[in-house]
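Please dock the two separately framed chains into a single complex, following the hints provided.
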Amino acid sequence: GENVEQHPSTLSVQEGDSAVIKCTYSDSASNYFPWYKQELGKRPQLIIDIRSNVGEKKDQRIAVTLNKTAKHFSLHITETQPEDSAVYFCAATFYGQNFVFGPGTRLSVLP
Amino acid sequence: KAGVTQTPRYLIKTRGQQVTLSCSPISGHRSVSWYQQTPGQGLQFLFEYFSETQRNKGNFPGRFSGRQFSNSRSEMNVSTLELGDSALYLCASRNEQGAAYEQYFGPGTRLTVT
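First to last, the sequence lines map onto chains V and H. Just so you know, the working numbering puts 76 at position 76 of the first sequence, and the rest follows in order with no gaps. For the working numbering, add 111 to where a residue sits in the second sequence, where the first one is 1.
Calculated directly from the structure, the hints in this document are not laboratory data. Model, not experiment: these values are computed from the prediction. Heads up, the beta-carbon is just placed ideally off N, CA and C, and yes, glycines get one too. Since no wrong hints were added, every one of them can be taken at face value.
Calculated cross-link-like contacts (lysine-lysine; reagent style PhoX-like; alpha-carbon spacing at most 25 Å):
1) K37/V / K112/H
2) K42/V / K124/H
3) K71/V / K57/V
4) K71/V / K58/V
5) K37/V / K71/V
6) K37/V / K58/V
7) K68/V / K37/V
8) K42/V / K112/H
9) K22/V / K71/V
Covered stretches of chain V (chain H as the covering partner; in silico rule of three or more C-beta atoms under 8 Å from a C-beta of chain H):
10) 40-47
11) 100-106
Residues of chain H clear of chain V, computed beta-carbon distances all greater than 10 Å:
12) G127
13) R174
14) F175
Here chain H stands alone, though its shape is the one from the complex (with noise of 0.2 Å):
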């Protein structure tokens, strides 16, 4: 099977302008989670979808939102970008089956806000 993709690997944007990620999760997967890793802040959560529905949210402003498409599929975007903005976006696929827990990440999107 193929592992979980994340398009773009890299972007630069300016400070108040809007961005949006994309997370492609190992077939058959149906939650997917949204992380960002900085050097200072490790691994944070930002939200989790699962059957096109948000489940569960992180401690993160309201310009940071997502949303999941019927295929599994989900985007993450960012609007009115700050400089702490800059981080690697992890996304990552888990399959609900069964009582499996195991959470596969995709590359991530290096984001750097100038």
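Just chain V, with the same shape it has in the complex (with noise of 0.2 Å):
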């Protein structure tokens, strides 16, 4: 089955530079890769995501990446703001069904 791994675990910033997270997976037939961001006590919430037949995506001050050929995917945020603070996670599906997501990245940035 699929396996999504996740770095770093955690990640601290000053405000207005850039952070990236990493993921991994396991099964090239996974083709959705979704990141979430779950702030304390919320749920997680789809902030972007990336299909397989697309290398980039951004919206705003956040992009994803996707290397299908090493099999990992990353989301980059630029001009960190401290209500960028929160746990991010990232997953991996085929066409939608068995998301398996990473461990999580908590991200602080430090005013």
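Put into structure tokens, the structure is as follows:
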């Protein structure tokens, strides 16, 4: 079955700096890779996603890149702000079924 | 559209008891998945229902079961509760029309087993 690894487990950055979180997956059949942000005490929220037929997707300050050959995808946050502090989860799935999540990255943006 | 809702939000149960959690998906969404979230294990997939049928199942014991009704609402049941079942239980719904893969989470039910 699919296995998703995520690094780093914790990340601290200065406000205004960039943050990068990387995930690797094992099943080459996976074709959809979402990223979720979970603030303390709240539900995971979908912030960006990418499909296997696309190499990069951007939405304002966040972007996701996918390398199918190496089976890894990354979340990039630029110009970080304190409200970006949260736990971020990546996931891999085959056509939206059997989502497998990474263990999460706790991002702290220091003012 | 209203988001995914879950009831109750908090539950305290005793070892050996059973519990039923409820999830109402986003209107029009027919796929409902359940996850267990714990600090040590992250988000673990329990099962997925679509059109009242269990379509996929994670690696959890048979004490964990679920069902889905004709209106797509879903319930999850845990029997003979153990201390290790204490967790946040999240459900998520998905619209399978077209090529929509996006999954949206409910606020979760925090279960504490004493």
